[in-house]
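Asker: Let's have the full structure, built from the sequences with the hints guiding it.
Chains as they are written, first to last, in the numbering used here: chain A, 2 to 327; chain B, 2 to 327.
Treat the hints with care, as some may be off.
[Said to hold, decoys possible] Derived pair list, reagent style BS3-like, types lysine-lysine, alpha-carbon separation capped at 27 angstroms: (1) LYS298/A <-> LYS241/B; (2) LYS59/A <-> LYS295/A; (3) LYS260/A <-> LYS84/A; (4) LYS298/B <-> LYS110/A; (5) LYS84/B <-> LYS298/B; (6) LYS271/B <-> LYS195/B; (7) LYS260/A <-> LYS241/B; (8) LYS110/A <-> LYS295/B; (9) LYS110/B <-> LYS298/A.
Treat the hints as calculated values from the structure; they're not laboratory data.
2 protein chains.
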Amino acid sequence: MNIGIYGYGNLGRGVESAIAQNPDMRLVAVFTRRAPESLSIATPGAQVVSAAQVEQWKDKIDVMIICGGSATDLPAMTPALAKHFCVVDSYDNHSSIPAHFAAVDSAAKAGGKVALISCGWDPGMFSLNRLYAGALLPEGNDYTFWGRGVSQGHSDAIRRIPGVVDARQYTVPVEEALEQVRSGQNPELTARQKHKRECYVVAQEGADLEAIRQAIVTMPAYFAPYDTTVEFITLEEMRKNHAQLPHGGSVIRTGVTGKDGCHKQVIEYKLTLDSNPEFTGSALVAYARGVYRKAAKGETGCVSVFDFSPAEISPLSREQMLSHML
Amino acid sequence: MNIGIYGYGNLGRGVESAIAQNPDMRLVAVFTRRAPESLSIATPGAQVVSAAQVEQWKDKIDVMIICGGSATDLPAMTPALAKHFCVVDSYDNHSSIPAHFAAVDSAAKAGGKVALISCGWDPGMFSLNRLYAGALLPEGNDYTFWGRGVSQGHSDAIRRIPGVVDARQYTVPVEEALEQVRSGQNPELTARQKHKRECYVVAQEGADLEAIRQAIVTMPAYFAPYDTTVEFITLEEMRKNHAQLPHGGSVIRTGVTGKDGCHKQVIEYKLTLDSNPEFTGSALVAYARGVYRKAAKGETGCVSVFDFSPAEISPLSREQMLSHML
Numbered sequence: 002m003n004i005g006i007y008g009y010g011n012l013g014r015g016v017e018s019a020i021a022q023n024p025d026m027r028l029v030a031v032f033t034r035r036a037p038e039s040l041s042i043a044t045p046g047a048q049v050v051s052a053a054q055v056e057q058w059k060d061k062i063d064v065m066i067i068c069g070g071s072a073t074d075l076p077a078m079t080p081a082l083a084k085h086f087c088v089v090d091s092y093d094n095h096s097s098i099p100a101h102f103a104a105v106d107s108a109a110k111a112g113g114k115v116a117l118i119s120c121g122w123d124p125g126m127f128s129l130n131r132l133y134a135g136a137l138l139p140e141g142n143d144y145t146f147w148g149r150g151v152s153q154g155h156s157d158a159i160r161r162i163p164g165v166v167d168a169r170q171y172t173v174p175v176e177e178a179l180e181q182v183r184s185g186q187n188p189e190l191t192a193r194q195k196h197k198r199e200c201y202v203v204a205q206e207g208a209d210l211e212a213i214r215q216a217i218v219t220m221p222a223y224f225a226p227y228d229t230t231v232e233f234i235t236l237e238e239m240r241k242n243h244a245q246l247p248h249g250g251s252v253i254r255t256g257v258t259g260k261d262g263c264h265k266q267v268i269e270y271k272l273t274l275d276s277n278p279e280f281t282g283s284a285l286v287a288y289a290r291g292v293y294r295k296a297a298k299g300e301t302g303c304v305s306v307f308d309f310s311p312a313e314i315s316p317l318s319r320e321q322m323l324s325h326m327l
Numbered sequence: 002m003n004i005g006i007y008g009y010g011n012l013g014r015g016v017e018s019a020i021a022q023n024p025d026m027r028l029v030a031v032f033t034r035r036a037p038e039s040l041s042i043a044t045p046g047a048q049v050v051s052a053a054q055v056e057q058w059k060d061k062i063d064v065m066i067i068c069g070g071s072a073t074d075l076p077a078m079t080p081a082l083a084k085h086f087c088v089v090d091s092y093d094n095h096s097s098i099p100a101h102f103a104a105v106d107s108a109a110k111a112g113g114k115v116a117l118i119s120c121g122w123d124p125g126m127f128s129l130n131r132l133y134a135g136a137l138l139p140e141g142n143d144y145t146f147w148g149r150g151v152s153q154g155h156s157d158a159i160r161r162i163p164g165v166v167d168a169r170q171y172t173v174p175v176e177e178a179l180e181q182v183r184s185g186q187n188p189e190l191t192a193r194q195k196h197k198r199e200c201y202v203v204a205q206e207g208a209d210l211e212a213i214r215q216a217i218v219t220m221p222a223y224f225a226p227y228d229t230t231v232e233f234i235t236l237e238e239m240r241k242n243h244a245q246l247p248h249g250g251s252v253i254r255t256g257v258t259g260k261d262g263c264h265k266q267v268i269e270y271k272l273t274l275d276s277n278p279e280f281t282g283s284a285l286v287a288y289a290r291g292v293y294r295k296a297a298k299g300e301t302g303c304v305s306v307f308d309f310s311p312a313e314i315s316p317l318s319r320e321q322m323l324s325h326m327l
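Answerer: Below is the structure:
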């Protein structure tokens, strides 16, 4: 399979390293809106190409993995590219997924292509586990916990406060809430009871630290509904201790079965990730295999992770699966 | 969907209670090799029918869920029934799955039916999670831990020892091994390092308890390779404290991504089940929905859980999935 990467930030680099782990795939080109000569990529033999020239690569790329941001890039980028390429994106604005799906679906159908949106881990593997667990345990409750991990959106929100040089925000699940859920108690939990937020902030010299702290902890939606701690650190400490992008979390369904629901059944899917973008990249790459196979069967249009069988994304043969994995 | 249950032991009853939780399904008949009048089932309106008359129900049942044992029942039962019905079974003899698959496949193709084998949680949901995790993290190690839970096979093995009236064996994962694996240390673990075995035994009055204990702990394959504890209890204690069939376990994959594998990524799928047969039954019922849908599309032959997309087994509409689950 010949793979293209469209956009080369953290996620694009994660996709690149995942492609190198899959012998049935080859990275042929990285497309960038920056000056191509300014980019240095890790894959020998792959080209760096201006995004403006992407249509010239229509016949050389089997699946294009789009590594743009959900806020402004993907709503335009994915439909535009889906006219010419089979694509995979990681669109993660949950409330706008149906609209994005519809736009991408008509573009992909017009181009005769397969387009997978909202791949990754949430949306993606977490969604898929919510669906499986709900199908297996129709009477039950779903819980999703995120973290401990860096939220880019919350870190960015802090960086926009006057006087802030850099910031890193960790989303942390509340351990007591997790244990309550795992034990099948079916608690009703507020946002504050489920997660807390830890902020590490580098301030400008002479900045009013208390004003920054107040601006953070009172910020609606982002921080006000949570117990939020703010710690001011130096730029050196930021670089030394907070350069990584770990994340993870748990999707838990607690259900009941049997006479009068007498038996508790708990399903948990848990991720502990040293690198969020590299794991997301790994998911996009595995599903690119599925997109390639759907296209080879003549399918077209927009799909989600719900539409792929496990066999479709696996590199194993049917014989290997039956003998070793079942 | 009209569902039949073939065999009415613990698993058959688990399937029956799962059907009652799914409004798109109806149990129409339970087939038994015992005298039908000796069976009392929980579903109003469903019939109890002699297994000998099963072929008369060809046109009244959409999917037959076969609840026989893997050792002797299913190898003959599933191919025989797959000629006349779409079927689901829970065949769990891992090493003979390819042979069972081949036999069921030719029967199902001859009959124009869809047959799903080896559904449940292991094989089943655990297999599927091993496949997903391996596709996402191609460089890594798989670990499967079972328990704490009752192993029927090990309990039966103890019951065959002279002087034993009843027995219950719990498979227990070794907590230190689990923690080592979860932390991404990639240990190589022997059988003894992964699981221990707890046995509760009711002996005949006057039996040689030390001889029974020795017969258990030295039993090849079943107990000798493990740290095994044996506790003798009364029949009353057995009935009071060991009447349930809890089980569960974890499938864990620890992989690496990034430059020189610098980042650890851990995926864990964990089940904590009060009732093993009811959870297995819930899985069989969810996948019966998928079998029905594959048959409606004109597919035939044998399939595994690897061949179903999550959407195929879910009762939700595409709109519900995109809006609420993705």
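Asker: A separate judgement is required for each hint: does it hold in the structure or not?
Answerer: Hint by hint, here is what the structure shows:
no., hint, verdict
1, LYS298/A <-> LYS241/B, "violated, 57 angstroms"
2, LYS59/A <-> LYS295/A, "holds, 18 angstroms"
3, LYS260/A <-> LYS84/A, "violated, 53 angstroms"
4, LYS298/B <-> LYS110/A, "holds, 22 angstroms"
5, LYS84/B <-> LYS298/B, "holds, 18 angstroms"
6, LYS271/B <-> LYS195/B, "holds, 16 angstroms"
7, LYS260/A <-> LYS241/B, "holds, 19 angstroms"
8, LYS110/A <-> LYS295/B, "holds, 24 angstroms"
9, LYS110/B <-> LYS298/A, "holds, 22 angstroms"
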